[in-house]
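> Sequence:
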Amino acid sequence: MFLHFLQYLSIRFQLFMSRTEGASAIEYALIIAMVALVVITFVTPMGDSIKLTFNKVITALGGSVVGGAPASGS
Numbered sequence: 002m003f004l005h006f007l008q009y010l011s012i013r014f015q016l017f018m019s020r021t022e023g024a025s026a027i028e029y030a031l032i033i034a035m036v037a038l039v040v041i042t043f044v045t046p047m048g049d050s051i052k053l054t055f056n057k058v059i060t061a062l063g064g065s066v067v068g069g070a071p072a073s074g075s
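Quick note on the numbering used here: the sequence shown kicks off at 2 and runs consecutively.
Quick caveat, the hints were computed from the structure, so don't treat them as lab data.
Certain hints may be false.
To be verified - With a straight-line Cα cutoff of 25 Å, these simulated SDA-like cross-link-like pairs (lysine to any residue) come out:
1. 52 / 36
2. 57 / 47
3. 52 / 62
4. 52 / 41
5. 57 / 44
6. 52 / 31
7. 52 / 65
Unchecked claim - Cβ pair distances, simulated, as ranges:
8. 64 / 23: 48 to 58 Å
9. 25 / 2: 54 to 64 Å
10. 5 / 30: 55 to 65 Å
11. 21 / 44: 29 to 39 Å
Just so we're clear, the structure is a prediction, and the values are computed from it rather than from any experiment.
By construction, the Cβ of each residue, glycine as well, lies at the ideal position given by its N, Cα and C atoms.
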């Protein structure tokens, strides 16, 4: 009885390890994670630069900057 149970577990484990449906989902999840990392790494500093540029334009046009003092630049 115990031997049949071990054989059953061995067969189920082999079947589980031979499945490939989940591999594609994991690959897509890794790709999405890498893209998100690149976006966070490169777009966040660019957003600060764009905000600074808009603040300079608003100040040059005589407006007031909402959310902080205008940055002094060259």
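> Quickly compare the C-alpha distance for residue 52 and residue 36 to 25 Å and report which way the hint goes.
23 Å, holds
> With 55 to 65 Å as the target window, see if residue 5 and residue 30 comply at their CB atoms.
Given about 38 Å between the Cβ atoms, the range is violated.
> Starting from residue 52, check that the Cα of residue 62 is at most 25 Å away, please.
Cα-Cα ~15 Å, so holds.
> Could you say whether the range 48 to 58 Å given as a hint is met by the Cβ separation of residue 64 and residue 23?
Once the Cβ atoms are compared, 55 Å apart, the range 48 to 58 Å for residue 23 and residue 64 holds.
> Quick one, are residue 57 and residue 47 close enough, alpha carbons at most 25 Å?
15 Å, holds
> Between residue 25 and residue 2, does the beta-carbon spacing fit 54 to 64 Å?
39 Å, violated
> Regarding the pair residue 57 and residue 44, is the alpha-carbon distance no greater than 25 Å?
20 Å, holds
> CA of residue 52 to CA of residue 41, is that 25 Å or under?
Holds. Residue 52 to residue 41 sits at ~16 Å (cutoff 25 Å).
> So if I understand the rule, the pair passes when the alpha-carbon distance is 25 Å or less; does residue 52 with residue 31 pass?
The hint is violated at about 31 Å.
> Has the given pair, residue 52 with residue 65, been kept, meaning a C-alpha gap of at most 25 Å?
With a Cα-Cα distance of about 14 Å, the restraint between residue 52 and residue 65 holds, given a limit of 25 Å.
> Honestly, do residue 21 and residue 44 meet the 29 to 39 Å range at C-beta?
At roughly 34 Å between Cβ atoms, residue 44 and residue 21 fall inside 29 to 39 Å, so the hint holds.
The structure does not agree with the numbered hints 6, 9, 10 stated previously, though it agrees with the rest.
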